[in-house]
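For the sequence shown, our numbering begins at 36 and goes up steadily by one.
Careful: at least some of the hints might be erroneous.
[As the list claims (entries may be wrong)] With beta-carbon atoms standing in for the labels, derived distance ranges: (1) Lys-90 / Val-56: 13 to 23 Å; (2) Glu-148 / Met-36: 48 to 58 Å; (3) Leu-89 / Ala-50: 22 to 32 Å.
For the record, the hints were derived by calculation from the structure and aren't laboratory data.
The beta-carbon is built from N, C-alpha and C at its ideal position, and this holds for glycine as well.
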Amino acid sequence: MEDNFNIVANYIALAIEVGAVVVVALGASQAIIAVVGAIFSRTADELRGREIWLKFATWILLALEFALAADIVHTAVAPTWEDIWKLAVIAVIRTMLNYFLAKDIADFTRLQESGQIPASGTRQP
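Could you build the full structure based on these sequences and the hints that come with them?
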């Protein structure tokens, strides 16, 4: 019974890890297309670059959540103290990344809403 649980849990963790990779691939594809589009439309300014980065950061945040979920499933299967410490370190690092990326996104959105920088897709003369 325990072996079956371990097998199922490992497949679940693998599926979640695949989901994280797919999310990163989708975000990277979107970012690459946006960068190429900005270059060819001659709108490759600092603001446009920041918009592209923030959209990609949103994808990264989602992928980090998937990766953390996979680590939790792996650790739930056969936790040793080493596994628990590794999970704790990974969780702290990912939480810090998540916090700072989310803060950057919120700051940028707040600046757009206050009119200090133009909204996405608009340019000031």
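Against the structure, the hints:
1. Under the hint 13 to 23 Å, the C-beta atoms of Lys-90 and Val-56, about 18 Å apart, fit the expected range.
2. Distance hint for Glu-148 and Met-36: a CB-CB separation of about 54 Å, consistent with the stated range 48 to 58 Å.
3. For Leu-89 and Ala-50, the Cβ-Cβ distance of about 28 Å falls inside the hinted range of 22 to 32 Å, so the restraint holds.
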